[in-house]
Structure formats: C-alpha cells, structure tokens
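Go ahead and model the full structure; you've got the sequences and the hints to work with.
There are 2 protein chains.
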Amino acid sequence: MRKNAFYAQSGGVTSVINATAAALILESKKHKSKIKKVYAGKNGILGALKEELIDTSKESFSAINSLKSRPGGIFGSCRFKLKSFEENKKEYLRLVEVFKAHDIGYFFYNGGNDSADTAFKVSQISKKLGYPINCIAIPKTVDNDLAVTDSCPGFGSAAKYIATSVFEASLDVASMSETSTKVFILEVMGRHAGWMAASSALARSKKNNAPHIILFPEISFNQTNFLKKVKEVVKNKGYCVIVASEGVKNSKGKFLSESNTRDAFGHSQLGGVAPYLAGLVSQKLNLKNHWAVSDYLQRSARHISSTTDLNHAEAVGIHAVKYAINGMNSVMPVIVRNKNKKYSWKIEPAQLSKIANVEKKLPYSFISKNGFDVTSSAIKYLKPLIQGEAFPKFKNGIPYTQKLKLVEVKKKLPTWKG
Amino acid sequence: MRKNAFYAQSGGVTSVINATAAALILESKKHKSKIKKVYAGKNGILGALKEELIDTSKESFSAINSLKSRPGGIFGSCRFKLKSFEENKKEYLRLVEVFKAHDIGYFFYNGGNDSADTAFKVSQISKKLGYPINCIAIPKTVDNDLAVTDSCPGFGSAAKYIATSVFEASLDVASMSETSTKVFILEVMGRHAGWMAASSALARSKKNNAPHIILFPEISFNQTNFLKKVKEVVKNKGYCVIVASEGVKNSKGKFLSESNTRDAFGHSQLGGVAPYLAGLVSQKLNLKNHWAVSDYLQRSARHISSTTDLNHAEAVGIHAVKYAINGMNSVMPVIVRNKNKKYSWKIEPAQLSKIANVEKKLPYSFISKNGFDVTSSAIKYLKPLIQGEAFPKFKNGIPYTQKLKLVEVKKKLPTWKG
Numbered sequence: 001m002r003k004n005a006f007y008a009q010s011g012g013v014t015s016v017i018n019a020t021a022a023a024l025i026l027e028s029k030k031h032k033s034k035i036k037k038v039y040a041g042k043n044g045i046l047g048a049l050k051e052e053l054i055d056t057s058k059e060s061f062s063a064i065n066s067l068k069s070r071p072g073g074i075f076g077s078c079r080f081k082l083k084s085f086e087e088n089k090k091e092y093l094r095l096v097e098v099f100k101a102h103d104i105g106y107f108f109y110n111g112g113n114d115s116a117d118t119a120f121k122v123s124q125i126s127k128k129l130g131y132p133i134n135c136i137a138i139p140k141t142v143d144n145d146l147a148v149t150d151s152c153p154g155f156g157s158a159a160k161y162i163a164t165s166v167f168e169a170s171l172d173v174a175s176m177s178e179t180s181t182k183v184f185i186l187e188v189m190g191r192h193a194g195w196m197a198a199s200s201a202l203a204r205s206k207k208n209n210a211p212h213i214i215l216f217p218e219i220s221f222n223q224t225n226f227l228k229k230v231k232e233v234v235k236n237k238g239y240c241v242i243v244a245s246e247g248v249k250n251s252k253g254k255f256l257s258e259s260n261t262r263d264a265f266g267h268s269q270l271g272g273v274a275p276y277l278a279g280l281v282s283q284k285l286n287l288k289n290h291w292a293v294s295d296y297l298q299r300s301a302r303h304i305s306s307t308t309d310l311n312h313a314e315a316v317g318i319h320a321v322k323y324a325i326n327g328m329n330s331v332m333p334v335i336v337r338n339k340n341k342k343y344s345w346k347i348e349p350a351q352l353s354k355i356a357n358v359e360k361k362l363p364y365s366f367i368s369k370n371g372f373d374v375t376s377s378a379i380k381y382l383k384p385l386i387q388g389e390a391f392p393k394f395k396n397g398i399p400y401t402q403k404l405k406l407v408e409v410k411k412k413l414p415t416w417k418g
Numbered sequence: 001m002r003k004n005a006f007y008a009q010s011g012g013v014t015s016v017i018n019a020t021a022a023a024l025i026l027e028s029k030k031h032k033s034k035i036k037k038v039y040a041g042k043n044g045i046l047g048a049l050k051e052e053l054i055d056t057s058k059e060s061f062s063a064i065n066s067l068k069s070r071p072g073g074i075f076g077s078c079r080f081k082l083k084s085f086e087e088n089k090k091e092y093l094r095l096v097e098v099f100k101a102h103d104i105g106y107f108f109y110n111g112g113n114d115s116a117d118t119a120f121k122v123s124q125i126s127k128k129l130g131y132p133i134n135c136i137a138i139p140k141t142v143d144n145d146l147a148v149t150d151s152c153p154g155f156g157s158a159a160k161y162i163a164t165s166v167f168e169a170s171l172d173v174a175s176m177s178e179t180s181t182k183v184f185i186l187e188v189m190g191r192h193a194g195w196m197a198a199s200s201a202l203a204r205s206k207k208n209n210a211p212h213i214i215l216f217p218e219i220s221f222n223q224t225n226f227l228k229k230v231k232e233v234v235k236n237k238g239y240c241v242i243v244a245s246e247g248v249k250n251s252k253g254k255f256l257s258e259s260n261t262r263d264a265f266g267h268s269q270l271g272g273v274a275p276y277l278a279g280l281v282s283q284k285l286n287l288k289n290h291w292a293v294s295d296y297l298q299r300s301a302r303h304i305s306s307t308t309d310l311n312h313a314e315a316v317g318i319h320a321v322k323y324a325i326n327g328m329n330s331v332m333p334v335i336v337r338n339k340n341k342k343y344s345w346k347i348e349p350a351q352l353s354k355i356a357n358v359e360k361k362l363p364y365s366f367i368s369k370n371g372f373d374v375t376s377s378a379i380k381y382l383k384p385l386i387q388g389e390a391f392p393k394f395k396n397g398i399p400y401t402q403k404l405k406l407v408e409v410k411k412k413l414p415t416w417k418g
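Chains as they are written, first to last, in the numbering used here: chain A, 1 to 418; chain B, 1 to 418.
Possibly wrong hints are sitting among the right ones.
Remember, identical chains collapse to one label, so a pair may be satisfied in a single copy or spanning two.
Stated by the list, open to error - Derived lysine-lysine pairs resembling DSS-like cross-links, with alpha carbons at most 27 Å apart:
#: 1; residue 1: K229; residue 2: K288
#: 2; residue 1: K100; residue 2: K81
#: 3; residue 1: K405; residue 2: K32
#: 4; residue 1: K231; residue 2: K50
#: 5; residue 1: K346; residue 2: K395
#: 6; residue 1: K361; residue 2: K380
#: 7; residue 1: K380; residue 2: K395
These are calculated hints, taken from the structure and not from any lab test.
Written as structure tokens, this is what we have:
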C-alpha cells in the first residue's frame, strides 16, 4: 500500500519543531515503497479541514534540511481542538473526504497534549468510519508536560535559554547591586507546570549561586514567606535573583498576574507575574529592582538550542515514520531515558490513550522543602537536556534561514465551511 | 615615571565591558617601564573612595583572558556621580589621598556619559590639587548615546541580541497567527535614545518583514496612529510585530510606562511599555497578543555578542593604555568609522569635555517619515555593528566562566566616611 502522508504542527511552537518536520520528511523519502509524498497541513489540522496542503516534495533537500535550524512552525500551527466524534461528526467526515481525495494513509500530528488528543480522535476514524489510517502523534512542547515521555522536544532548548539568560543576567545584577539594582525577576513560561522555572536552577555553576528564589505554579504563593526570603537573600548576598513561572497562583488558586493590576480605565489587566512581584518588592521592601519577561523569546531561541534537544526532535520525527510504515496506529514515539549513570536515551512507541489530555506537573520530589528551589533529583533530571550548543548558521549578523516554496496542492473538494 | 593604574567600571554594565578590562590589563603588562600594577576599583569610583582596590596582578593570564567572555562587571559597577569640585572638595581630596597612598598615576574609567563626566572631573585634579594623573575615560554603553564615538562598545552585542530575538520570535508569531496570537510586542532598553529599538530593524532579511512597527523615545506616541497602523499590518500580514523602546513618551512628555497601570492599592506602577501597549491592543482592537520585556537579558547576553563589538571593546581598552602612557589626560579612545564602502574602523583620542554629559539621540534622518520605522541610512549605520558571532565557551550547557581571586590590596588609610 503506497499512500501519501499528512504532517501538521499544532499548539505553541518551539525552536526545534521544524527539525522534527525536516527529519520526518527526509525519513519518508527513504521509504518510497510505502510513502509517496508528505503533505504538510497549513496551520495544523485546519490545513486538513480546509484542504490547504503544502506539497513538501516540491522543496529541495537543502531547503528541507535547513528547517533543522529554523524556529517557529514553518507550515503554520493552530490552537484548535477537534470536538468528539459524537459532538461534531461533520469534521471527521470532512477529514476522511480530504484524506480520500489526496490518497492520504498516514497522519502525523506534532504537538502537545491537546494535539495528542486530536491525533487520538483522528486515529479512531479507522474504527468509526472504516477509513484506514496510521495515526502517529509526535511530541513537542516547551512546557515539558506530556505524560509517558521522559522529556518533550522543545523543552531542552527553552531550558538552555533560561539557564543561560539567568546565568548572564545574574552576573549583571551582581555588578550593579552595591549602589543600584538589588532584585532581579525573570518571568518564564509554564501556566500549569513548573518545568521551565525549574530549569533556571541549571544557571548555577556553584551551589547557592543565582537564582536564589524559584516560584512554581505547583506551590501556592505566600507573600509573607516570599518577602522574608527576598530580604534574607539580599542581606546575605547583596542581591537576589528570582525566577517566576507565569502560572504562579495565590492561596485562592488565582493567577498572581490577574490579581493585581488595573489599567487607567479600571479594567483588570493581565500584567504578568514579574511586574506584580516587582511591585511587591518595591512597596514592601523598598528595594530597587528590575524585571524581564521572556515570553516567546524563550521558546523560539533557536540560536541557543541544545544539541540533545535537537537530537530528540529529529529522532521522534524519524521514528514516527518508522512506526507508521510498520502499520502502527494511535501511538507516539516517546523519549525513554536509559537507566545508566551517564545520560543516554532511546525512542519507543507509547499508546496515545495514555498521553492525550494528561498534564505532567513537576513532581513534588523535584521541589525543595521551602518551595523556593529544586532538589538534586531535579538537577539530575534536567541537566542532560541542555547539553551541547546547536548554533545555527548566521548571515548578516542574524540566524540564516532558507526560503521554502510552500506550494499548495491543487484543491479537489468544495470549500470547507466549518 | 613608573606608576600603578586604577581601572573601574561604571554605570549599567554590558556583555563586553570585561573584554575591555581584560584587554587593558593585558596591554598594561606590555608596558612595565610605565605601569606597575593595575588596581581595579571595587564597584567603580567607590572602590577608589573606599580604598577597595583589587590587585589584578594576582590573577593568572588565563583568568584575565577569560574575562573576554564574561558578561556583567567583574569588579562591580556603580551608579555614583561625583559632585563638582566646588560642591564636594572632600571627595577629590580623598581620591588624591588614595592615589598617593597606592602610587596611582593612571586613572581609567569605563562607562557612559555620566562616567565620562566623573573621569573629566578627576582629570582636573592635576590642575586643582596639583596631583599628576593621566585620566582616560573608556566608552561603554548599550544605549549607544555617547557623543563623538561612532558607536559604543556593548551596543553592537545588545543590538545583535535584539535583532536575533525579534527575528526568532517573529517566526513564532507568524506560525501562531491564524488561530491565536496576532500581535507581539517586545520592549527594549533605551530611556532617552532609540538606538536599541532601531537595531531591531536588522531582524529583517527582507524588506517588509518583521518588525512592522518600531516605537522610539524620540517620537511622541500617538495612540490613534499606532492603533491604525497595527490594524492595517494585521489585515495585510496576518500578524504584527512591534518593538518599543522603554522610553516611549506621550504627547505630554510622560513615559507611557508610568501613565497607566495602578496596582491593587491604587498606586501608580511602573508597568513597562510592553504591557501598556498590549492592554491597548486588547481593549481597542480586541487582538490576541503576547509581550516580552528583555531588560537585563539584552545587555548581558554574552552568548550572542557580536565579534565587531567585542573587537571594539578590546581596542578601546588597549588604546586607553597607550594614551595614558603617552602622557595624555582627559581623553577617551573613540571608534572612528573609515569612509570606505566596506566597514572598517580605527581608534582615536577625543576630548572628554566634548563627551561628558552629552547624550547622542537617534538622528531624525534615521527615523522614517511615519515615525514607525528606521531609514536605509540607519540600517547602513547599524548593520556592521552586529557582524560576527563571538560565542563563548560552554560547560555543562551554560557559558563557562573562570573564577578570579579578586584579592584586595591592603588598606593604608582610615575608613572613608563619605
């Protein structure tokens, strides 16, 4: 059975998701007896629904290969969750219609836990509608919150960005602290899980170095303890570096970023955790401070991606193809850490039913007793993921990217009305 | 005349200020007939006043050389401006006392325009108090706002960080824009001058690429025009990337960052320009947006420093020594751009009187007519400054820094009471 493949990117993108795409497309070319062409969905699953399919066979090897150093999602991503088969049968019928029209027998969906859910639902088309498909979800998320897999492609690079940035900014604050800035706050991503915040601990080349306080979404914020700790650190060290997860909540379970600021019109404003904490430090402790919010910078920083992460990203792309052509359905290639002392890993298939919609939070064994730091187990887990510098090529002082043609396949069906 | 030298870092630090320090210390070793030892002031000029002098001769060559890839200010910086001789004679008398006690005949002060002022005042000690000193200010500032010099060491690297970050984040936003984020705002430093904001234009590998809107402190903010432009860009491109200088002001000359947010207690909060603009975009245009504030990250990002900038930083350190041992006083080694088509440069001495306290803003010829972009003259000026990648060594996934001894010279004088 020779079929075309559909590949799409979904949810928040990462600095290495295109490396997965490149590896998948190049691996597919090695299996011409099974896979004809790889069609990439424009903007995720929407590309399938709208019949907007990019023909990757029109691209040169060099163009596809260059994706390994291009951040963002080259084919466009989406935040769009398929309803259940019962709730919106129309969408599934449309997918089958598009798959049939373009002879698609392989479905690859590259995303997080919402996307694993979409892939899981699509995988059931075989059963529900009798359409044969090999459906593979491929892991990707800077949040590192997917179940089963040891880590998620995208996370290691974001972690390396955070560790490096905290390391560098801490040297800056240290030099300014005598007469100026005493407190520096960096807000990192992680709405529900503190993996990214935890990775800032890798900035330490020595125990007790910065960061001095890490705030996790898993630990509810206690203002008194926080301020006491800041005061203490500034007294002992001369300055204090804080890394706060965007998802830090107060004891009532409300995001700190929503609990405080009002704009000129009196509207509540999603002000960010960093400016909130900075306000507290100013008002309650009268300490000069600076704050930064890295937002998209941390997840798109391909210039500081980790080689380990990049290798993971490519490997899951390659294995997705292998699983699909071997007839697997409803699985995800996950990263398995070998039990040796030295970090090594392999890829294995895992059932999507165990991954879809499950959120893996930072285990409590990774958080220190006072709630402001990580444990040595966390460091042991995190450290291998940021190893190696996969610097991209630069041209004219900025990272170099090659232009792709992104030719769309001719439509065969009526327009999708949604 | 063989004398010791005093070197100190002042004002906001940069990712390459330690490269200047390293070059200066290593160059000094080549002139042993003139310079005995280099004493570094702990926390800038305060180190001289407090007699806290770090003996750099105790460090190995390798330790000093490693400073070339260490961000922040290794000896500590300060925000401290000497009063005039007439206002606070005591401070000048103390400096002379410390210089005499430690046989200091060369004074090197590495900073911005405030620091040039301090150096200028110290240079007059010879005249006013009859103490012979060769006083050299050395340029450093990410703000790029020093007069006379073509550019300021530290700026090129910050500019490269900004251009790279905007390039990367724009690819991220582009992939998300169909179903999610339409507007991304990055706030960069620059309280009074728009050099850093302008450098974001280097993110474009093609005209009309992101960033689509740049806001400068030199141009007063017009809300109506801004929102109109955002709407137009989103309509045409599908998304809009905005880079805003922290110093953007409204038509009344008030910082936008101060004009809007109130915390829970009703206090006005320095909320940052980015969240302010994000609030506007949400409320007035109802467009989903993300924002980032790079703050200290941009000026300490040694991992993405420009080779050109690093070369400048070293060259001004070397020339400072040459000028001092040739008997010059009250000058600064400045970068002069040669008038060839291909970028090249040299170092020349300039009078401190022309530099102290002068602020070089972005020339109007560098700002586009609509006030939202730079001109081709700006690009021509900026581009050479971000060329080359001076990646540091990494260890354990983060930049490697070597430990210095930082041994203080034994005090000979009574404690300074200020």
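Quick rundown of the hints versus the structure:
1. K229 / K288: within (16 Å within a copy, 36 Å between copies)
2. K100 / K81: within (22 Å within a copy, 75 Å between copies)
3. K405 / K32: Only inside one copy: K405 and K32 sit 22 Å apart there, 62 Å across copies, limit 27 Å.
4. K231 / K50: Cα proximity of K231 and K50: across copies only (25 Å, versus 56 Å in one copy).
5. K346 / K395: Only across copies: K346 and K395 sit 24 Å apart there, 35 Å inside one copy, limit 27 Å.
6. K361 / K380: Within one copy, since 17 Å is at most 27 Å while 49 Å is not.
7. K380 / K395: between (36 Å within a copy, 16 Å between copies)
The structure agrees with every numbered hint stated previously.
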